[in-house]
Amino acid sequence: MPADGTLAAPVSAAPRASSLQRLARRRSTIAFVMTLPLIAVIAGLVAYPAGYAIYLSMLNRRMDEFAWFLNYEILVESETFWLVVWQSCLFAVTAVVLKALIGFWLAHMLHHIPTKGQRKWRGMLLVPWVIPPALSTLGWWWMFDPTYSSINWLLAIIAVPPVPWLGEPWWARVSVIIVNVWYGAPFFMIMYLAALKSVPEQLYEAAAIDGATGWQRLRYVTLPMMRNIISITVLFSLIVTFANYDIVRVLTNGGPRDLTHLFATYAFQVGILSGNIPRGAAVSLFMLPLLAVFAFFILRGVTRRNKEMA
Amino acid sequence: MAGKDLSRRAVLGAGAGVVAAGTLSAPAVFGQPTTTIRCGFWDHWVPAGNEAMRRLCAQWGERNRANVVVDFITSVGNQNLLTINAQAQSRSGHDILSFPTWEPAAHQRLLVPVDDVMQRLTAKYGPVTPAAEYLGKQGGRWVAIPAVSGTQLKPACVRLDLMQQHAGLDMRAMWPAEDRAGPGADQWNWETFARAAEACNRAGFPFGLPMGSFTDAVDWLGALFTSYGANVMDERGNPTVRGNAKLRAAVEMAVRISRQLPNDVWAWDDAANNRALISGRSALIFNPPSAWVSARRDNPAVGAQCWTLPVPSGPEGRFVGYLPYFWGIWNFSRVQGPAKELLEFLSDRASAEAQTSTSAGYDIPPFISMNDFQVWATEGPPVGTVYNYPIRAHHNARTSVAFAPAPPQMAVQAYNQALNTKLIARIVQANETVDQALAWLERELNTIRRGG
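So the sequence lines, in the order shown, correspond to chains H and E. Residue numbering for the first sequence follows this note's numbering, beginning at 1 and increasing consecutively. Residue numbering for the second sequence follows this note's numbering, beginning at 1001 and increasing consecutively.
The shape of chain E in the complex, shown without the other chains (with noise of 0.2 Å):
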């Protein structure tokens, strides 16, 4: 034994090391999490909103022994794209993002392909919105999640004394809290609001409807040239301006409407239209129930007398703007198996009911079969003001994104560019023909196409 006699030295050595194994296995041994997922969502306007998403990822971390790390990226000064392109260039940063509407199209070759998950969830919970499909499944397959939080559709808010008094128009009557149209309801169409916006711009409460180059903008007229069937570029991508007499029927229709609008509507942006109706100076807007929410904390005489309800329908049907964010993962993120789980799991009945209630009814889940979620029917006053703010099955009506169906590395460009309300600007706010206009957005398309 002599020659295998400890030294003091191998002693404090062998037992450094037993320490350091202990200490390095501890949280295997112990049941730590193994697993990190850095997740991006979006900053919700609504406070409770951020809780609702960090509680739910906790809770799917304890589950299944993850580490998920969420961070919170506003959307104010687009800080939500800039962090975007910037993870897409230097292929690092978080394993999930929140990806706002034309997003997923633009960086669809960075992002894994999710259709396992949607099967499954199409599976339990049926079709999801089609302008949800238009924009996450990029040839042929789904390249990211439709999201619940952040998803908002944009149907009318009215004051309901307004629109009776000015316009003679019950509109709680014609739409009330029930799964069920009312009186007149079939006869809410574009002729009928412009009528209705005639009379209430008469009485100094005109609508509030913006048409400046911001979202809300965009999207209502989108919406408008949508129910008119009035597209300006197919689906390969060629314009279609030129002899197209429903986009002609379409704007002559946003071109009445639009003289009964303020003068300054060209530079509202999307705040604009809220204060609008906040204020008691409009009849009517174009907005998520986030109008009322403030309405109902700034001036709640205004707040309880505001209603939602669907657009007004045109000859092709009945179309809702719709402004989704999708849940996608990057293709360098080194944990894309639990990723998925987790957006399965955020995605699920249970988890965006959690999310639209603690929103406030803001959020609209990307499934038709989830519109029935119990807040929308309870949230008040007037208690049911935002029963009809997700699409019911009595509404007959279809989301639409603006610009589609034209491939979205083209839409996402007329989109931004606002070429829709630019045209109607063309012809009320600078006096050009409707001819002179359309042949300005047919060059304006065509330079898109050019480019791809």
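Isolated chain H (complex conformation) (with noise of 0.2 Å):
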């Protein structure tokens, strides 16, 4: 191959390519070609629309001179932009670290099951996620119902008083919590699931002669196999979480008083229902630095795996 890593014939054999030739030959060439489907792609879909978002934000609320950072200067000073952010931690950290535990668990549940059975319980067990979460929220908001909550007529039953499910600030938190939980903890299962029949079955046996109790085998061969699944899919899921709109939509419409909303529900809220889209997309965009917080220090650590491992 020549020193300028072209794919080029021997020159003997071939008149003289012009510079355009030389050009295409290159490696270097062809790989940029070959990328650019995705490159147009990244630059459509992702870059114009966030380059987009942030000249938004730094535009007036009529939308017709720069107010550059004043967008952000006033959610800074906003208490109920700080109650937003809180709101959307706790709900975000809380659901995923609930589904994660739920969904190890119930992973393990179904990897001890024989084979043939284990296949119903694993598509039942999907239904949540395969539902549109807008459509099962729905479901959950009629069993939450402020007046006619069939969860309230069950406990009635028992003679447990109603619950206010959604007009009392920390029920409706849980509230929101609990649909979250319940419709991505089969993910997180599907996920675990599957790194758990990757674990290789010698590493156990070896335990098992060494006389390893339950608890040993799962701390000590089971969760540093999973390390790195875990950390992807609580990474993607915190991403997903932090940036859900439809069930607080759908359940609280933040409230109440607020205490609901997360980024992407008090973005609507400002953006499009007062008419103030410059501060819509400040609000979101505030998701940016804490989501790079969580992705760093996560993705952080898989590296370091990585390179131990190699």
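Keep in mind that a hint or two might mislead.
Unchecked claim - Quick list of the computed label-pair ranges, beta carbon to beta carbon:
#: 1; chain 1: H; residue 1: Ala295; chain 2: E; residue 2: Arg1297; range: 34 to 40 Å
#: 2; chain 1: E; residue 1: Phe1345; chain 2: H; residue 2: Val174; range: 34 to 40 Å
#: 3; chain 1: H; residue 1: Trp153; chain 2: E; residue 2: Arg1297; range: 22 to 28 Å
To be verified - Residues from chain H that keep clear of chain E, each with C-beta distances beyond 10 Å, as calculated:
#: 4; residue: Leu70
#: 5; residue: Thr147
#: 6; residue: Ala172
#: 7; residue: Glu205
#: 8; residue: Thr222
#: 9; residue: Leu273
#: 10; residue: Ile277
These are computed hints drawn from the structure, not numbers from a lab. Please read all numbers here as calculations on a predicted model, not as lab measurements. Note that the Cβ used here is the ideal one computed from N, Cα and C, for glycine as well.
Make the complex out of the two chains shown on their own, each in a separate frame, by following the hints.
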């Protein structure tokens, strides 16, 4: 191969190629051309919307002149906005931890039942994840309905007083987390099940020979082998849960007293409902640094472990 | 002539040209539409409401040789708001759109002024209701025409039997289906209302007044505040919370009433109050006749006991929540002239009555002189139940928009963030003092003002 990395045939065998032809034959040019579709997709569907959102967030409310960082300043000084930040973190972290724990437990349960019956259970447990969330949340809303809650009806049978699921701040927070966990736990379950199946059986056999207990097998064999998949699923779920919109929109609309608002629902309220698109864009963009911090720590852990394994 | 012989190809070419010219000119020759107007109207709750709009548009199109394309855009999931914003951003879409309450002010720079149309309409039908002017007239110019279709008022809808039995009030006698107020109507104020709320709550039929962040909640509380003269912002956008005795009086009354409501009203949406009435659990709600229409269908025994009547009065008068739609024309439309003519046609008395009648009286025309349509006298059972739905002269009432007279671009933010219901929730639910809650309100209003 020539030193310049081209794929050209020997010079003596063909007439001298023009500089354009040489450029076209370079490996780097070919690589660039082959990645062009991906670059176009990223530019059109990621970079442009992100850049436009940043541009919007720096306009004034009428969107006719630059206000630079005024929208960010106003948000930083707003009580409601900090409430939204806190609520979003609480919602995302609690829901992801619960989803991870429940998903892990379900995966273990499934892993230990005979293969014959496993498929049926797997299919059934995946149902919450395959139903469109707006639709399933509507079902939950009927169960939590302030006046006709079916859950309260069941509680009444055992003489438990009715719970204002969506009307009382803490119950409302619990309700939106419950629905998110119900919806998202099957995703964790299926990912963890796949990871469990990939753990070599010999490791467990060796641990058994060494007299390891069930807990020790989990602590020293299963978890280390699953650590990367746990990190990646947690990161992925954190991003999706942080940006959640439909559950809160359908169940509480951010109420009572803004105590269940998330970034997305608050951005919609400020941007679309209140006609302040630049400030709505600023609210959305505030998610970026928070998620970047989460992503940095999680991905750093994954990279470190990969290096150790290598 | 030898040089002018026609070839076979030339003959065929000329023939094709003649056929093409004839075909292309055919629409004009035979009176086919030459103009196309694309309209995006609000998708009416009442199915027949859409049909009325479609029929009226077709009728106008036939008369004016125009093709009127009508789309109905739902407000479910705020689809209409998303459409409006998308079209405003892309500067393309429909020629005419239905704009909900605050949208004409938000998009005034992109809307064609319609002063000429409003001038002709007001010359014919008299003044429009003041709240419509507050929302539709920006910078001294009408930027959109107050619509008939979709515009609603939110008076009280009471259960006659429950109010009589538990609160001792004969509401039908007080507000009969006639152009007069009955005995006790002058005492129909917030004090009487609060006592009735207490009595009905004790009897297990609490009033169904939402206190969440949806429009029904913000509107009824807005009407109460306005009737006390309790403005939280002035016309220039300055908060008027500090040392505002009228606001304090309104807050105290709202707190007193909200303590008599079910404990989950803080999460109620715009349908929850309807359900409370229809199920027979509530003695009173504030709503347009849609709740009664559903009760008539789903629970006839309850529907037969429903009666619509004015909102209680406060020290500064009687105000009823008003939630209008507007018809606006984008300035990027290429058919602005015909669009204005179409909207003028849709606003005339016959068209307005057609819209109101097909929606079972739901749609409220913007012109005060049109508050006498026959449909409100004939609907039932009980016959006359919605007679007092539009504002009648003897009601001595005015329309109210929560957070007016603040500049609409600020009022809309306070409205959509439901600052008034949250103020009360802070006191009743979070046990804050009135002063603490008012201080929070002032901070929120200052944040809104700062961003403009």
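A quick look at each hint next to the structure:
no. : hint                               : in the structure
1   : H:Ala295 <-> E:Arg1297: 34 to 40 Å : 53 Å, violated
2   : E:Phe1345 <-> H:Val174: 34 to 40 Å : 54 Å, violated
3   : H:Trp153 <-> E:Arg1297: 22 to 28 Å : 24 Å, holds
4   : Leu70                              : 7 Å, violated
5   : Thr147                             : 6 Å, violated
6   : Ala172                             : 7 Å, violated
7   : Glu205                             : 55 Å, holds
8   : Thr222                             : 42 Å, holds
9   : Leu273                             : 4 Å, violated
10  : Ile277                             : 7 Å, violated
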